[in-house]
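As they're listed, the protein sequences go chains A and B. Note that the numbering used here has the first sequence beginning at 1, numbered continuously upward. Note that the numbering used here has the second sequence beginning at 1, numbered continuously upward.
Accuracy of the hints is not assured; some may be wrong.
[Unchecked claim] Selected chain A positions facing chain B (in silico; Cβ < 7 Å):
#	residue
1	250
2	254
3	331
4	332
5	333
6	421
These aren't lab readings, by the way, just hints derived from the structure by calculation. What you are looking at is a predicted structure, and each value in this text was computed from that prediction instead of being measured. Beta carbons: idealized from backbone N, C-alpha and C, even for Gly.
Each chain, letter by letter, is given below.
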Amino acid sequence: MNAVAVSAPARGLFGDTGAALAACTLRRHRWLVGIVYCVLLGLGALLGAFGPTGSESRADGLGFFVLVANFSIWAGWFARLLLLQSAASGLRAPGAATAVRWALLWAALVTLVVPATVLLSVGVPPSVAWGAPVLGVLGGLLFSVMPPPAAIALLVLPGLAQMFSSHLPPMQPWHLVAAAAVGVMVLAACIRTLLRAQDPGAIPAWRRPLMLQAPAGMVVWTDPKSAAVPDAPAIHDGWMVAMPRPDHAGPHAPRAAIDMLLAGPMGYLGRRATWKQWGFLILAVAVLMVIPFRGDTPLIRNALLIGVVVGLLASGWTLALRLERQRRRLSGELSELALLPGLGTPAQAGVRMRHSVMRRLGQLMLFALAGLLLLAWMRGLEWSQVALLLGMLAGTGAASLLMCATAVSGGTVASLRMFLLMLPLLIAATGTLIIAMIRIPLDGQGLAWTVVWTILTAAYGAAALVPWRRSRDRAHAFLLD
Amino acid sequence: MNAMLDVSDSAPLLSPPAAPLAADGLIKQYDHDSVLKGVSLTVEPGTVLGLIGRNGAGKSTLIRAMLGLIEPDAGTATVWGEPALRMGDAAKQRLGYVPQQPEAMAWLQVGEMLDFIGRFYPRWNAAYVDATLERWQLPRNRLLAKLSPGERQRVAIIRALASQPELLVLDEPASALDPVGRRELLREIASRAGDSGTTVLFSTHIVSDLERVASHVAFLHAGRLLLHSELDSLKERNLRLHVPEAVAAQLRDDVPGEVSRRPHPYGGLSITVLRGEDAPWPDLVQVPGVRAEALPLEDLFIEVSA
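Here chain B stands alone, though its shape is the one from the complex (with noise of 0.2 Å):
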């Protein structure tokens, strides 16, 4: 069930330029235990990825490996062909990278903080942060560390937003945030990839946060890539089927596509079943007696990593 499901948009014609993130056969170990396993991903100029997947999937080792914070035990990760290990200053100043928890600087007032930053990127948008921090009624005066999580996020965003980068990465950006400061936060991820065509990393555990601006997703299991694939296309081509008793015990091998098999509650069997881009679906859900339902992203999702 874990092995990675072969259901990746078709394969580009010619050869593309540089993915704005790339990885390749990451591996990740802390302490003789497998963060991650084997982990290759791509993400393409202009899409919104969701990395998604339960607590210690290890989605945020993944954001950091494919960033350059961390050396991978093995495999490779590059940021606009770039390694990202050895990044360099034109790549940096395209990438805004929001952390799950920050707290870099926290002795610094908000407005210290984002003037100083301010002078690394060239394209810096002053104004874009006056405005947000006036709409998000941030005084410019207060120390980070006095702010409540939920704050810091929030200056956490302005930080990468305002540097108006082509790559944005957010490891669970919406953790510490209200339900409306959530809203917002996926209104401006959308917004800057559907104006600017900024690519947008972003991982969460929150699958309606995903379903709302992400066009592809990826699902991150125990260190292994399960899943990855366009948004409107997986919803299409995934199906739980229900199988009574009697077709059950006549099933001998995997069905194909199956992502997933449990005994039902009312007997009989539960499969999942996700077809490739332009495979049929099986023939048991011709057969009599065994009915069909399309799962909602949030069962998938559950289905996937159970």
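Just chain A, same shape as in the assembly (with noise of 0.2 Å):
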């Protein structure tokens, strides 16, 4: 089962409380979870500190940094408690699940009581003091135990609410009453769902939680090390995850028998695969083209390009965290590769390896490119403003073949070092986006900007080849951890 994929804790300085917070997540992922909350905290202290005080838009800010932190800690560690939860109730184990239930307990208290009572002595006004953090802990809970489609509606919804507000009635207290109760038994009926399935990670993929839907849960994601489950428990059902099939792949077509296998974003699709994901796009697409987002609606274009960016930099990072987590499924797909006869002597199977590497990288960073002209021309951007989006597109590409390159040398992707390694891309990138969100104008930066980003892609394709080396010189591509 993918719900608690992590060893035995320790009783703690909080006893069973504190055992049953350990074991629902891994400490990597507590650390991550635990600084974001700290951040954004920290933020909020600081708008506290230095905001104007007294004022309306002081108040409301820090209460939405109060709900933002809640929202991150309740949907990235504590709602995972209801796995353990649910675990603890299918092994028959009381005195788990009562530790669970002490738990959720203490950390709602900490997260509702701690916060209020400090935005309560800065003068917050009590609705918001007690409002924010309430909401954040409800709209975390429900974001991470709903479908991926709901979640998502879930989190575009004030983005819409704002851009329909000229054609909706003004806000009642009795709408959020309403709002509030319909979000309470939504949250009801889906805790009832997960804690009542024998094996959350079989609940069909439809209304599977959002936090069960990355392969052995979002936990991986941060580390590679926990064992990597295989895809298909939890995505043979999802009607819009084309898989690959062999029909074509075999001692013929070694490269394609190799994409095959690896599957995921490597994945050799077959036609009818590849014409559904297309369709899919197209799709999406024409919707965004023929809704009427381009003149007035400010939030959904930067929400766009948002996503775009995030996308373009998180496709290079998981084409190669799911490189290396293979590495780590000793009975996987890899081992399959390793002692497969046909697909040529070790030094040609490495080539064809690492050609399906770079043609997917390949393939990313043009739809990556894609979208960004698409976006560019919605929102009319200026020619100076295109070409630095397009600079952060060749940064962006050269450091997915340094992370990709990483992974197939025998190297580790999701580690402190390459952290650093990408802080200057991420301090770049936001720096081109906001340039791109708030159109401003390039006059005398953009030669800076040119600079930047040459510089960025010529170190970091530089960077790449000492990893793409040293994957060469293994004994063979497929080699275990």
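Please dock the two separately framed chains into a single complex, following the hints provided.
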């Protein structure tokens, strides 16, 4: 089961409650979520310290940071206590179930009472001081336990409400109460489904909680060392996901065989699956073109741009992380590839594997290029700003190449070292994004940005050569860790 | 006690053809933890070698290193004389491998996966696949992901055997099988070895499985190979000696062939000895008051690995 993929925790300072909080996720994941939580609260504290006192916007801003912080920690960590509760019920372990309930209560108290008290002490009205943390907790829980389409709808709901605010009647208190009641009912139904499931991982894809969608749960994205589980249980019944079929793969088509076995973003797709994916893509583009987003909805346009940039940054990372995780699946596809005859000599198979990686990376970058150009056209960006976005694409492509080369050479992608290496890219990409969103004229900064992206692209490209050469020196391309 | 016991079969007189599977001084560490500590092991043609050891002894790591799936920190592994890490197609076609928990290609249907894999093996026996799938009631159109662990293991066994391998490597093949399945698998291994001369290496911690089919046995403990011997010979060459207190007090050195020594619950010592192929029993056996009993394999395994 991918619910609780962690080792037995030691009883710490908080006894069983602390053990339950630790057991529901991995240490690295806890740290990551905890850091995000602290950063958000820290930003809120900065606003509280330096923002204009007594203003309504200051109170709303403080409430917003607390809401987002609570949302992040509940969605990323505490909601996983429900998986532990489900496992404890399945194992008929009442002690564990009690510990989980205490852990939930403790988490709720800490994330509700402490922020609310602080907000009240700095003069935030009680409705915001209590409402924001409560909304954050409920929203985080709801986001984790709902199926992905509903969870995404939850995220875009505030934007949609703002977009259609001119067409909607003024918001009354009873509207909020009704919305909260609906949210609580949906939450109760989702939790009930989760707790009653014998194996939460076996819940059909269309109503499987978001926190179980990624293979082995989202936890593995922060810890590739955890055992990577096969993709199939999570996605074989996903109607939008096309998994590769072996119809045309074989010793006569060794590269297709390698792609077929590596699957996922590396996957070799049959004609039908390819048409299906292109169909969805064209449909998405058509929807974007038809609905009247171009003129009067900056929120959605910015969200789309942010989405494309984040997708661009994440695509290479995802591919590299997947390649790394394959090395840790001891009885998975890599060991199959290592012993399968007909793929050529070890050197030939290595070349084919690297070509596969390059091709997939190239495809991902082409998709990103198409998305960026489309959005640039929709937003009516200047040529200089478009050139800046293309510079970012080149830099990200080179950085993705570095990550993928690291993965195929046996190195670690999910590491602090790699994060530090990617930090300049993230900073430069954030700057580029802000320029494109706010449409800051590039007058005197064009040259500086050209230099930045040229240096970054060249540096990442050159750095990628080292692991790339190391991957060629490996005994064979399909070595396990 | 942990030193390798020199009880292997007599050395061949002529330089033999390359062994199907051989390891020499394999060392492997994970996070500064030694999993293999210089393991050397040769699987002779036509033998059925049972690799036995406690959980975490390093059996799976040894098998992966011998097949070239992982790169050892030191030492070499060869398959029919070729370096395992650079195995060619010819060697791969003659090799069948069943991993401990097969999980590859879970998004494919049973029949789809077997048809795909079959394209890579010139001697693929499609009739055997069909007959065995039917006998084991495994529907061709069932997704691998939807199978139970035992069924997945059966499919992996079919996948390995259908290529008619000359070398069959199975990593705890019976761990997820029910007693009927286990019995069938063992029968299949025995018949392959007997009829076709297939060389088999299989790891297990179930001693009864090993006794049923293995011709040779190797004990792996904490990353070291403690013993490698022919099975029948091994049963005849071990004794547990119950040494009374008076005699035990006079023992100054290790008894020749001593494997383990511990206090006997009723006083004195309990000493397990394993003599070499042609070596005599130690003199202690003849001492009045010393009682000797031959150990079943399971007890010997416990004594060796304790």
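Go through the hint on residue 250 of chain A and say holds or violated, using the shortest Cβ distance to chain B against 7 Å. holds, 4 Å
Closest C-beta approach of residue 333 of chain A to chain B relative to 7 Å, hint status: holds, 5 Å
Using 7 Å as the Cβ threshold, decide whether residue 254 of chain A counts as touching chain B. violated, 9 Å
Agreement of hint residue 332 of chain A with chain B interface, Cβ distance less than 7 Å: Nearest chain B Cβ about 5 Å off; hint holds.
Residue 331 of chain A as chain B interface residue, shortest Cβ-Cβ below 7 Å: Result: holds, 4 Å to nearest chain B Cβ.
Quick check on residue 421 of chain A please, does its C-beta sit within 7 Å of some C-beta on chain B? Since the shortest Cβ distance to chain B is 23 Å, the answer is violated.
The structure does not agree with the numbered hints 2, 6 stated previously, though it agrees with the rest.
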